[in-house]
Amino acid sequence: MKYRKIKTQAYNLHVIKTSKFKTITVEVCFKSKLDKEEITYRNLLINTLCEACNKYKTKREMSIATEELYELSYQATNYISGAYNVMCFDITFLNDKYTEDGNFEASLDFLCEILFMPLIESSYASTRFNNKNFELSYNLLEENIKTIKENPTLYSKMRLLEIMAPNSIHSYRSCGYLEDLKNVTSAKLYDYYLKMLKSDILDIFVIGDITESRVKKAITERFKIHTLKKKSESHFVSMKRTRLLPKKVVEKMDLSQSQLALGYKLDKTNDFEKRYVMNVLSYILGGGPDSKLFKEVRENNSLCYSITSRSMPLNNALYITAGISANDFKKAVSLIKKNVKSMEKGEFESDDIMKAKVTYMNSIKELEDNPQNLLSMYTGMEYLGSDDISNRIKKISKVTKKDVMRLASKLHLDVIYLLKGACNED
Amino acid sequence: MKTKLEKMDLTLYYEKLDNGLDVYIVPFDKVNSVYVTFSTKFGSVHDEFIPYDRTSMTKFPLGIAHFLEHKLFEQKNGVDPFTFYSERGSEANANTSNFKTTYLFSGTNFLDENLNYLLDYVQDPYFTDENVEKEKGIIEQEIRMYEDSPYFKLYDRILYNSFKNHPIKYPIAGTISSIKKITKKDLYTCYYTFYHPKNMFLVITGNVDAKDTISLIKANQENKVFKPYKDIKLKEYDEPDEVCIKNGSTEMDIAIPKFSIGYKIRNNTSLSINKFKTYIGMFFDIKFGSVSLFNETIKNDNLATLDMDITLVNTDKHVLVILSNDTNNSKELINRIETELDSRDIKETDFNRKKKVKKSSVIYKSDSIYAINNKIMANIINEGSVITDEHKYIDSLNYEEFMNTINSINLNNKTIYNINKKKD
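Chains A and B, in that order, give the protein sequences.
For what it's worth, the numbering used here labels the leading residue of the first sequence as 1, then goes sequentially.
For what it's worth, the numbering used here labels the leading residue of the second sequence as 1001, then goes sequentially.
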């Protein structure tokens, strides 16, 4: 595997040449500083661009084109990464070897039609996206936003963050907001699209068995963006601690199972703690079926089926979620608290540290087996300054029991949230 | 035995061991990981059969295969399997479907130890009254978790209403009341009936040496003693072509109402159920899939914002096609579906484009140790053997045969289920 980063004024081109895959994956990422209103714009924009373009005037025509391109798959996502909002357009398609000569360029053309040749309408002074296309994209986003509460686990995690850090970038909903959506028009969205092309930081990633020169030529010919881009700032922003005692919030929904979520904020942590120690701590606490919480809350007390802890290094926080019966609320909370406390006291074996490390190293090696995972590794290196594979392995092995205990002592329970099922049990 | 997997640049090694266990290995030379699955042909639909130690048909509580899957992770003296795999940086899991139960792990290291341990823990059950009782609370929470998903509920209800006698109508995990009846004795009976090596198969894909691995498996199995194998006699179901219940609905705390319509279609052709299912799938995909005019029209007319979801389920005689979507007007949308189905015309160009797509997906699949492992498992369950040349199978799909099949099917046996918004 060979990695090269080619810098131009307007974008960075990252070429990862590897013979491991029969596919080629291209990802184009636009990022800008996180702003609440813009989240909705960006979600609506990816829907609109993927719904139709000038060459393929409907989603149906677009789908037929992907079938003709040997089942090329495309998707666009918009996600929050700490202080930034990242919008990615991905295509995956078969290498020329398994299709025909020129399939690489033809597939790239498809992506560029979506990105740069949208279906637009003009009248007098204003240009806007095609109205029908805009309306379909609008409906889709409206439905996405409305249906969040249909996934209770996700919904309770979102509510937890909103209570922990209200009206801040830590709790912005990555799907956007209905109140912002109502104010977007097709013309405003088009203006936003032009602004985004001009001012967003742009990175292009290509992974596959293809020469650097061919990639470079194809991309340069197609990405005619020449504006000078701002330098990126850090994605890391810590959540502020505002209370000494945890806040308890119970909300009701018509559910069979209740969702419990506990949010922790951390005192100041250093880079090593954020990138490595947090990972080890969260793994031992609630990373999987061999974790403390799984064994104690599920296996020894039969209180739940699922229980996990996840660290949020970009926000300097950690949360724990479990699906429980509302009657067991107090018992579950007290068991979770006890187990978090036991991390601080060092009530775990050095064996547990070893397990966390080998699991981490295993997942690093598995990254190389899948183009999507590789992509996320390289975006991590570009955006978050993450270490490369060999340095990650070196550094994770340096984590000690003391490090984990010290980090655990920085954890402060901030919010206990229960999404209480209103259905009768039994 | 060594066979090429055509168009995939892969080779399949197969061996039947003396004790009857089928072993399938596909080495990948460019990946770091190995994925190992160990399966028994015992799933949620096998709830009535003649147990290994009896002579008459016996019915077991619903959800017993899934319950047994949970309990095999219990070990008498040894380490807990999750701890064992975690110590080796590997991931372990298990799952139960309608027709099989699978125990699995994946990792980049310690293949020999991991593999030996998988065979050992699955082949060494340890159930106590106490550990069986304890599991009931955990599985109850698992069932409640599914109940809170509207999409799961739609699927669950459509299956229940479509079938009358076949146990595919019931949820895989059983019900909160059925699992409470499960005993230690039931679990041992099911275990000894279905977990004999003759009823099981092992599939390994990834960074592995086929010869060494087969020797390791042989050495592991050689010294183990199993109860004598008795051919498993499963209950046969006389399933009518009509659906069991034609209409149903419920209310949930949701933002947009949802519906499903299920078409229960009997295979009256001479085709195998799988080829029949392939044709039916292509027909519904061309009619209602993301590339269909239908899909475009319902969005333009504000009847739906999402693509139609198409799911196929089959038993030995019937294919059930389930069309679902979110909509504020399910009555109109169902009318449109019915009208669309009045015409069975499919253009040959559309049929051929779908064949081209199928051929490409064979190559996509061949990059993934998970996709290939899943393909082999599905082939064994559905076809009884591995399809080594998928392109040949796709080439055998023929437009005339397709049209004859489509024109012969009866689409009158259907059931509709709605999930409405709960009124405040």
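I should point out that these hints are in silico values taken from the structure, not numbers from a laboratory.
Glycine included, every Cβ here is placed at the ideal spot set by N, Cα and C.
Treat the hints with care, as some may be off.
These stretches of chain A come out as covered by chain B in the derived footprint (C-beta under 8 Å, 3 or more residues) [what the hints assert, rightly or not]: (1) 6-12; (2) 157-163; (3) 405-418.
Pairs of lysine to any residue, SDA-like flavour, derived with a Cα cap of 20 Å [what the hints assert, rightly or not]: (4) Lys97(A) <-> Leu1010(B); (5) Lys1134(B) <-> Asp328(A); (6) Lys1134(B) <-> Ala422(A); (7) Lys295(A) <-> Asn1093(B).
Looking from chain A toward chain B, a few residues come up when the C-beta cut is under 10 Å (computed) [to be verified]: (8) Thr18; (9) Lys149; (10) Leu189; (11) Asp254; (12) Glu344; (13) Glu347; (14) Ile364; (15) Asp369.
A quick look at each hint next to the structure:
1. 6-12: violated (count 0)
2. 157-163: violated (count 0)
3. 405-418: n = 0 at 8 Å, threshold three: violated.
4. Lys97(A) <-> Leu1010(B): holds (16 Å)
5. Lys1134(B) <-> Asp328(A): Cα-Cα ~15 Å, so holds.
6. Lys1134(B) <-> Ala422(A): Violated. Lysine 1134(B) to alanine 422(A) sits at ~25 Å, over the 20 Å cutoff.
7. Lys295(A) <-> Asn1093(B): holds (15 Å)
8. Thr18: Holds - the Cβ of threonine 18(A) comes within 10 Å of chain B, reaching about 9 Å at its closest.
9. Lys149: Holds, because the Cβ-Cβ distance from lysine 149(A) to chain B comes to roughly 7 Å (cut-off 10 Å).
10. Leu189: Not OK, violated: leucine 189(A) not within 10 Å of chain B, min 17 Å.
11. Asp254: holds (4 Å)
12. Glu344: With a minimum Cβ separation of about 22 Å from chain B (threshold 10 Å), the hint on glutamate 344(A) is violated.
13. Glu347: Violated, about 17 Å.
14. Ile364: holds (9 Å)
15. Asp369: holds (4 Å)
In the structure shown, a violation is registered for the earlier hints numbered 1, 2, 3, 6, 10, 12 and 13, in ascending order.
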